[in-house]
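K.L.:
These are the residues of each chain, in order.
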Amino acid sequence: MSEQSLKQDIGTEYALELRGVTKQFGALNALTDITMSIRPGERRAVLGSNGAGKTTLFNCITGDFPPTSGSVMFFGEDVTAFPAHERIRRGLRRTYQISLLFDGLTVRDNVYLACRGVSRGRFSMRRANGDDALMHAAENLIDIVHLDDVREATVSDLSYGQQRQLEIALALAGAPRLVLLDEPAAGLSPSERKDLVSILGRLPTHMGYVIIEHDMDVALRVADRVTMMHNGKIFKDGAPEEIENDPEVQALYLGGGHD
Amino acid sequence: MAQSETVSATDATKARKSELGRKLATVPANVWFVAIILLLVPTFTGDFVQYQVFGWSFVLGLISLSLMFLAGYGGMVSLVQMTVAAVAGYCVAIFGTSGVAEISMGWPWYLSVIAAILIATLFCVATGALAVRTEGIYTIMITLAIASAFFYFTRQNYTIFNGFTGFNGVLPPHLFGIDWRSPTAFYYLSLFWAAAGYFAVVYVSRTPFGLALQGVRDNPRRMAALGYSVNAHRIAAYAFAGVLAAVGGILLTWSNGQISPGTAAVGPVIDILVIAVIGGINTPIGPFIGALIYVVLRTYALDFLVALNLSGERFKLLVGLGFLIIVYWSPDGVCGLWNKFAPKLRLKRKENASTEGKTDV
Ligand SMILES: Nc1ncnc2c1ncn2[C@@H]1O[C@H](COP(=O)(O)OP(=O)(O)OP(=O)(O)O)[C@@H](O)[C@H]1O
Ligand SMILES: [Mg+2]
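As you go down the protein sequences, you meet chains A and B in turn.
Position 238, counted from 1, in the first sequence is what the working numbering calls 238; the numbers after and before it change by one each time, with no gaps.
Position 144, counted from 1, in the second sequence is what the working numbering calls 144; the numbers after and before it change by one each time, with no gaps.
Everything labelled a hint here was simulated from the structure, so no lab data went into it.
The model shown is predicted, which means the values in this text are computed figures rather than measured ones.
C-beta atoms are modelled at their ideal positions from N, C-alpha and C, and glycine is treated no differently.
What you were told as hints is all true, and nothing was included just to trick you.
With beta-carbon atoms standing in for the labels, derived distance ranges:
| # | chain 1 | residue 1 | chain 2 | residue 2 | range |
| --- | --- | --- | --- | --- | --- |
| 1 | A | A153 | B | N339 | 19 to 27 Å |
| 2 | B | W32 | A | D149 | 33 to 41 Å |
| 3 | A | F25 | B | K340 | 42 to 50 Å |
| 4 | A | A153 | B | W107 | 50 to 58 Å |
Sequences are here, hints too, so could you generate the full structure?
P.N.:
In C-alpha cells, the structure reads:
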C-alpha cells in the first residue's frame, strides 16, 4: 500500500534502471550486460573485489563516459545519451574513489561551487555576498559533514579523512535524489568510519544512495540491499543477511581479491 | 507593508554605499600609488611617451589581458585574440568612416563601435566553440590556424577588407570637442579602458562565473559531476575575452589611424602571447607589465641597436632573448619574479629593522 502511494508520488517505479549496460575498454569487458534497478529512497551497497567493475558502473551511470551498449534510465527518463551535467541537474550525484576536489580553494568555496552547479546563476557575474542563499546552503552542508572547524581551510591542508568528508558534501549539494558513493570509507580510521555511518544514517529518507564498500561490516550497516559484483557481472543480489550468509559470496570474499 | 519595503530598500542602498566605502578603504596603498602616478604621467612626459609608449602599452595590454583571462583562469591558450581585435578594427573602418570611401558605410561612430564589439565578440565565441573541444597544444594550433586564415583572407579580399592596403583614416570621434587622438587625450582614453578591463577581470575572477571557470580549468570532470556544462563555461569565457579584445582592437585602430592585414599577421598574433608570458599570464596585471616592457624594447632598442651599428630589425632578437630569460627564470613572468623576490626583500627590511636579540626563526 505505502509502496503503491510512493510509486504514484514519484510517478515512476525506479530511481535508476540499468538495462544491459556493457562497457568495453579495448578487448577488456569491464562490464557485461548489467541489468539492475534501484527504487527511490533505496540504500544499496555494491560489493566486489578489485577490478570487479564497480567504479566503471558508476562512470556509466553518471555519464563520465558512455556505456558501450545498454541504457540508463533515471526516474523513468532515458539519460543514456545525456552528458554528465544534465544527469546531475536531474538529481543524480556522485563521489569519487580518488578525491577530485579543488585543492587551491577553501572548503567553503568548494561546497559553494557544488551548490551553484545545481542551481541557477552558474554564469552569474555578481559576487556572492554573506546573505546569499547558496552560501547558507553551503555552510549547512559543511555542518552536516562535520567540517565546521575547517570551513576556511584550503583543501590541500585538510587531512585525508576530511577530504573524504568534503567529497560527500559536494555530492549532497542541492536536492539529490540518488547519490553514488564510491568507497567513501576507504582509508578512514575506525572513528571516522563511525562518523560516516552516522552521516549516512541521518540523510533524509527520500534520498537514496548506492555505496561501494569493501568492508562488509560497514556495507551491511548502511544498506538495505546488497549487490555483489564479480568480473564485470552481477554475481549476487539480495538482502544484507542473505548475502552475508551466502556460501558462494563467502567463498569469493575470503578466496580472492579482498584486501 | 509597502512602507517597510521602501525602508528596507533605502537601508539596502545605504548598506551598499557603506560597503563601497569600506571596499575603497581596503584598496591597498600601492594600488592608490600606481593609480595616482598613472594619472599624473602626462604632467611630466612628452607627447611621444604618452602616445607611443603608454598609450600603445595600455592597448596591447588590454588585448593581451583577454588572452590572460582565457589562459590564466580558463586554461585555454588562444592565439586568436589579436585577430578578434583586428575584426573589431575592421568593423569600425567598414561601418564607420575611413579614407576608403567606396567601402566605408559612414555610420555614426557609436553605431559602428557597438557593431564592432558585437561582431568581434561573436567571432571570438565562434572560434571558442571550435576550440573548446580541444586541449593544450591543439587549442593553440586551431586558434593559430584561424588567425592565419583571417590574415590571408583579409589580404586577398578587396570587396570588404580592401586587401593588402586595408583602411587608413580610421579616426576616433571628436567627442566633447576633444581630439581623442591627440597624445594626452588618447593617453587617458586608453588608460581608462585598460583600467576598466583590468578591474573587470579582477572582479569577474571572484564571481560564480569566474570561480567556476577556474574550476573547469583545474578539474573539468568534477565540474561536470557538479552540474556545470564545461564547454558552455569555456565558450562564455571566450565571449568575455572577446569584448576585452574588441575594445582593445578599436583603440588600436584609432591610435594607428589605420587597419590592415598586417595588424593581425602571425607575428603580432604571437606577440600578444609573448607579452602575456613576459608580464605573467596568471595575473591580470601581467599583460600590462609585459606590454610596457615590449613597447619600451620595441621603441628604444631600435636606437640602441642602431647606435651599436646593428640593424634595427634586431629588436625582435632582444624581445626574444628577454622572453627566453624570463620564461627560464620565472614561468609566471615578471609578476612571478616580483612575487618571488618581494617577500624576501620585505623580510630583509624587517630583519634589519628588528633588534638583534631576536634569533628565533
Ligand atoms: N578508463 C579506463 N581505461 C581502461 N581500463 C579501465 C578504465 N577504467 C577501468 N578500467 C578497467 O576496468 C576494470 C574495472 O575497473 P573498475 O575501476 O571499475 O574496478 P573497481 O571494481 O572499481 O575496482 P576497485 O575496487 O579497485 O576500485 C579493471 O580491469 C580496470 O583496469
Ligand atoms: Mg573502484
